[in-house]
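Visitor: Under my numbering, the first residue of the sequence shown is numbered 2, with each subsequent residue one higher.
For the record, the hints were derived by calculation from the structure and aren't laboratory data. No experiment lies behind these values; they were computed from the predicted model shown. A few of these clues could be false.
[To be verified] Straight-line C-alpha distance at most 25 Å; calculated SDA-like pairs for lysine to any residue:
1. K56 / A21
2. K52 / R37
3. K56 / L41
4. K56 / D45
5. K56 / R19
6. K56 / H27
7. K52 / R62
8. K56 / E5
9. K52 / E5
10. K52 / H13
11. K56 / I35
12. K56 / N14
13. K56 / E22
14. K56 / R44
15. K56 / H25
16. K52 / A23
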Amino acid sequence: MLLETLDTFLTHNGSWARTAEALHLHVNTVHYRIGRMELLTVRDLARLDHKLDLKAPLLCR
């Protein structure tokens with residue numbers, strides 16, 4: 002579920018609201034999941050280079 006949330010978040014250009022709507026979740030759940038991904042990957046999704054680091058493997062799945 003974290004990968005699906007991350008992929009949707011990146012697809013929607015980092016929009017919390019659009020990600021929540023697409024996944025039928027509360028926006029706080031999206032914040033929590035993205036926060037977990039940032040902790041697990043040691044990446045800051047506010048940075049473009051970190052977004053690219055995480056998007057590339059998602060495109061290869």
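Visitor: Now tell me, hint by hint, if it's right for this structure.
Guide: Going down the list of hints, with the structure as the test:
no.	hint	result
1	K56 / A21	18 Å, holds
2	K52 / R37	15 Å, holds
3	K56 / L41	15 Å, holds
4	K56 / D45	13 Å, holds
5	K56 / R19	18 Å, holds
6	K56 / H27	23 Å, holds
7	K52 / R62	16 Å, holds
8	K56 / E5	12 Å, holds
9	K52 / E5	15 Å, holds
10	K52 / H13	12 Å, holds
11	K56 / I35	13 Å, holds
12	K56 / N14	11 Å, holds
13	K56 / E22	20 Å, holds
14	K56 / R44	12 Å, holds
15	K56 / H25	22 Å, holds
16	K52 / A23	19 Å, holds
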